[in-house]
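Participant: Listed below, chain by chain, are the residues.
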Amino acid sequence: AQSVSQHNHHVILSEAASLELGCNYSYGGTVNLFWYVQYPGQHLQLLLKYFSGDPLVKGIKGFEAEFIKSKFSFNLRKPSVQWSDTAEYFCAVNVGHRDDKIIFGKGTRLHILP
Amino acid sequence: KAGVTQTPRYLIKTRGQQVTLSCSPISGHRSVSWYQQTPGQGLQFLFEYFSETQRNKGNFPGRFSGRQFSNSRSEMNVSTLELGDSALYLCASSLSQGGYGYTFGSGTRLTVV
Numbered sequence: 009a010q011s012v013s014q015h016n017h018h019v020i021l022s023e024a025a026s027l028e029l030g031c032n033y034s035y036g037g038t039v040n041l042f043w044y045v046q047y048p049g050q051h052l053q054l055l056l057k058y059f060s061g062d063p064l065v066k067g068i069k070g071f072e073a074e075f076i077k078s079k080f081s082f083n084l085r086k087p088s089v090q091w092s093d094t095a096e097y098f099c100a101v102n103v104g105h106r107d108d109k110i111i112f113g114k115g116t117r118l119h120i121l122p
Numbered sequence: 008k009a010g011v012t013q014t015p016r017y018l019i020k021t022r023g024q025q026v027t028l029s030c031s032p033i034s035g036h037r038s039v040s041w042y043q044q045t046p047g048q049g050l051q052f053l054f055e056y057f058s059e060t061q062r063n064k065g066n067f068p069g070r071f072s073g074r075q076f077s078n079s080r081s082e083m084n085v086s087t088l089e090l091g092d093s094a095l096y097l098c099a100s101s102l103s104q105g106g107y108g109y110t111f112g113s114g115t116r117l118t119v120v
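In order, the protein sequences belong to chains H and S. Going by our numbering, the final residue of the first sequence carries number 122, and the count climbs one at a time with no gaps. Going by our numbering, the final residue of the second sequence carries number 120, and the count climbs one at a time with no gaps.
If you are wondering where the hints come from, they were derived from the structure by calculation, not from laboratory data. Just so you know, these numbers come straight off a predicted model, no measurement behind them. One should not assume that every hint holds.
Stated by the list, open to error - Listed next, the stretches of chain S that the computed footprint assigns to chain H, with coverage defined by at least 3 CB atoms under 8 angstroms from CB atoms of chain H:
(1) 45 to 53
(2) 108 to 119
Unchecked claim - Pair by pair, the computed Cβ-Cβ distance ranges are:
(3) S:THR12 to H:ILE68: 42 to 48 angstroms
(4) H:GLY70 to S:GLY10: 20 to 26 angstroms
(5) H:SER13 to S:GLU89: 24 to 30 angstroms
(6) S:THR12 to H:PRO87: 22 to 28 angstroms
(7) S:ASN84 to H:LYS69: 35 to 41 angstroms
By construction, the Cβ of each residue, glycine as well, lies at the ideal position given by its N, Cα and C atoms.
Go ahead and model the full structure; you've got the sequences and the hints to work with.
Facilitator: What follows is the structure, encoded as structure tokens:
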């Protein structure tokens, strides 16, 4: 069965630090990849998505992710985090055809110290 | 345009009861998916409906069921509630099935006592 692994369950950083959240998936075929964010008290929002083309994807709020097919990875990055980035981040994958379900990782709680 | 609307926002039920949750997708969205969110487990897929048909189902017991109406609104039902069913139930809609990405509702927080 397909799965998504997020390596860090809880990350604490100071403002202005660089961020990289790891995400690996287990599926050898074509995938669509997503990062979602859930700010405290808010609903899940799409940060960015990869369907095809340039493996470096830019999303909202300065986030980007790089799809490395050989490593089955889709890591999320931000060069300089802000206190407002405190949230839970979910990596998700949709395998094969676009009519399949989206599988989520267990999430990474990011806490930014002011 | 209006987002995904889930009702009610909060529910408290006792073990053994049943519950029905409702989800109204974004206008024009025909696919509705349901997820269970719990601390430490993240989001676990329940099922997906498209054009009133269940297209995908997760690994949940038969106590969890759902349906979709002709206007794309969806309901989820849980019968014979157990304490472990306490969770945030999220509904997500999309234009078509799966891969175009979801728009999530705020969820229904179910507490089973």
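Participant: Each hint should be assessed against the structure and marked as holding or not.
Facilitator: Against the structure, the hints come out as follows:
{"no.": "1", "hint": "45 to 53", "result": "holds (count 6)"}
{"no.": "2", "hint": "108 to 119", "result": "holds (count 7)"}
{"no.": "3", "hint": "S:THR12 to H:ILE68: 42 to 48 angstroms", "result": "23 angstroms, violated"}
{"no.": "4", "hint": "H:GLY70 to S:GLY10: 20 to 26 angstroms", "result": "24 angstroms, holds"}
{"no.": "5", "hint": "H:SER13 to S:GLU89: 24 to 30 angstroms", "result": "28 angstroms, holds"}
{"no.": "6", "hint": "S:THR12 to H:PRO87: 22 to 28 angstroms", "result": "36 angstroms, violated"}
{"no.": "7", "hint": "S:ASN84 to H:LYS69: 35 to 41 angstroms", "result": "37 angstroms, holds"}
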